[in-house]
Amino acid sequence: MIIEMKNIRKHFGGLEVLKDISFVVDSGEVVSIIGPSGSGKSTLLRCATFLETIDGGEITYMGERAAYTVEDGKAVYVPHHELRHFRSYCGLVFQQFHLFPHYSVLKNLIDAPVEVQKRSREEAVETAMGLLRKMGIEDKADAYPYQLSGGQQQRVAIARALAMKPEILFFDEPTSALDPELTGEVLKVIRQLADERMTMVVVTHEMPFAKAVSNRVLFMDGGVIVEQGHPLQVFDNPQEDRTKQFLRVFER
Amino acid sequence: MTLITMLTTMSEGMLRTIGIFVLTLVGSLPLGMIVALLRKSRFSVIRLLIRVYISVIRGTPLMLQLLVWYFGPYYLFGWSIRGWRFPALILGFIVNYAAYFAEIYRGGIESIPAGQYEAAEVLGYSKGQTFMRIILPQVIKRIMPSVTNEVITLVKDTSLAFTLAYQEVFSLAKQISASQTSFMPFLIAGIFYFVANYVVAFIMERIEKALDYYK
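Chains as they are written, first to last, in my numbering: chain U, -17 to 234; chain E, 2 to 216.
Don't take every hint at face value.
Claimed, not checked - Which residues of chain U face chain E? A few of them, derived with a C-beta cut under 7 Å, are: (1) LEU33; (2) ARG66; (3) ARG69; (4) LEU74; (5) GLN77; (6) HIS80; (7) PHE82; (8) HIS84; (9) ALA94; (10) VAL98; (11) ALA125; (12) TYR126; (13) TYR128; (14) SER131.
As the list claims (entries may be wrong) - Here are a few chain E residues that sit away from chain U, every Cβ distance over 10 Å (derived from the structure): (15) GLY108; (16) ILE135; (17) GLN176.
Hints are computed from structural coordinates only; laboratory data are not their basis. Because the structure is a prediction, the values reported are computed rather than measured. For every residue, glycine included, the Cβ atom is placed at its ideal position computed from N, Cα and C.
Bound-form chain U, shown alone (with noise of 0.2 Å):
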């Protein structure tokens, strides 16, 4: 088990946005997340990776409780220096890749490793080219972000989260940035690190993407699960009823 997020409640002033959530994720299993768009998916992400703090539940990440809710009922999270640590068993690639502007492609890669994780710069420019090679940027090393396309930029947001080596790489919709004859190049990468076993979590809207690549669909609305399980279960024969509803829609 990678992450187990146990009761999570998150509200922005009076919104409950996520309502009593609890999902697991285990080594080399790929999630997708689909739902309408304020269903709370991105939120959810957002909790797992610690940019937004959940109001109550239990974060626990590779078997270490991360937060957790006292007696009142508010969730406590460990101290600063030790989330760090559980920073680094998560990546998350951002639906606008959040690259820097200010640094090449090589040193988006290798700047938190060798600043954050103190790694030695020969090893992270050695696992930085690698990761450029798989995703087929090799070339693009020394280039600067805004020379790229956006399909670009998104296989280097991929690689720079990978370049950390977490343990598991969650995706908010990867693709909804992108020109459609863009979105195949980043899908292939995700598919081809769905091949090698690498732990992840896809927000998306590409339904036939999560259908071939996922082990596991989570349909969420209205802040919570509304059904999960076997991609061909949850879209050839949904159980419920929302469910359906939200799917006819792609299938026009």
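The hints should help you fit chain E onto chain U, whose structure is shown.
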């Protein structure tokens, strides 16, 4: 008075003008950053103090501020102000320019998208690392045009030192012109300011070009 003696006398004033200019930048560029960061402090008292400081500095003439810095210690505390002229002058300039630079920095810092902070946070950068490695370099590039404007204004503002009778190039030009009934000193001072700003603009343009390697 020959042109040569005029130039020699005034060249000392030019050096003093350059002195005010350099010392003001050396003091106010970093101080402005501290002010900009304090403006975002967790403590509301500090935030309030900084806002008051910036609005007072921007709301009153620099000339008046210089007089307050120079004569203030005497009128307020009865202290002797002998030898205080130059320190008061430099303090007045630094405190004034730091407020303007702080506002420029603040605008620059606020223009960096939240995604940059989030990407850095997920990668495990500390707050300090995020600011120094990710945010600040991008801020510097963005604010260069506004900083250039401010630095050019400073070159001309150094002439306000005449209010404290500090013998920089403008004060000397006025004196020599009056005593020699000649227009020449003003012409020399004007050429000096123009050339100084030309050099400033050239250097700033070079820096902007050097930062052009990314968008």
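- Message: If we take the beta carbon of ILE135 of chain E, is the closest beta carbon in chain U still more than 10 Å away?
- Response: 6 Å, violated
- Item | Closest C-beta approach of VAL98 of chain U to chain E relative to 7 Å, hint status | With Cβ-Cβ at 4 Å, under 7 Å, it holds.
- Tell me if ARG66 of chain U is really an interface residue toward chain E, meaning its C-beta lies closer than 7 Å to one of theirs. Nearest chain E Cβ about 6 Å off; hint holds.
- Taking the closest Cβ pair, is HIS80 of chain U under 7 Å from chain E? 4 Å, holds
- Message: Using the nearest Cβ pair, does PHE82 of chain U come within less than 7 Å of chain E?
- Response: 6 Å, holds
- Task: With chain E as the partner, please determine if TYR128 of chain U meets the hint condition of a C-beta pair closer than 7 Å.
- Result: 4 Å, holds
- Task: Classify the hint on ARG69 of chain U as holds or violated, based on whether any CB of chain E lies nearer than 7 Å to its CB.
- Result: 5 Å, holds
- Does the claim that GLY108 of chain E lies outside the interface with chain U hold up, using a Cβ gap greater than 10 Å? Non-interface label on GLY108 of chain E holds, nearest chain U Cβ at 18 Å vs cutoff 10 Å.
- Item | Interface hint status, LEU33 of chain U versus chain E (Cβ within 7 Å) | With a minimum Cβ separation of about 6 Å from chain E (threshold 7 Å), the hint on LEU33 of chain U holds.
- Message: Would the hint on HIS84 of chain U be counted as holding, given a Cβ-Cβ threshold of 7 Å to chain E?
- Response: 5 Å, holds
- Query: At a threshold of 7 Å, is the proposed contact between LEU74 of chain U and chain E supported by beta-carbon distances?
  - Reply: Interface hint status for LEU74 of chain U: holds (5 Å vs cutoff 7 Å).
- Going by Cβ atoms, does GLN176 of chain E stay more than 10 Å from chain U at every point? With a cut-off of 10 Å, GLN176 of chain E remains clear of chain U, as the shortest Cβ separation is near 50 Å.
Checked against the numbered hints given earlier, this structure breaks hints 5, 11, 14, 16; the rest are met.
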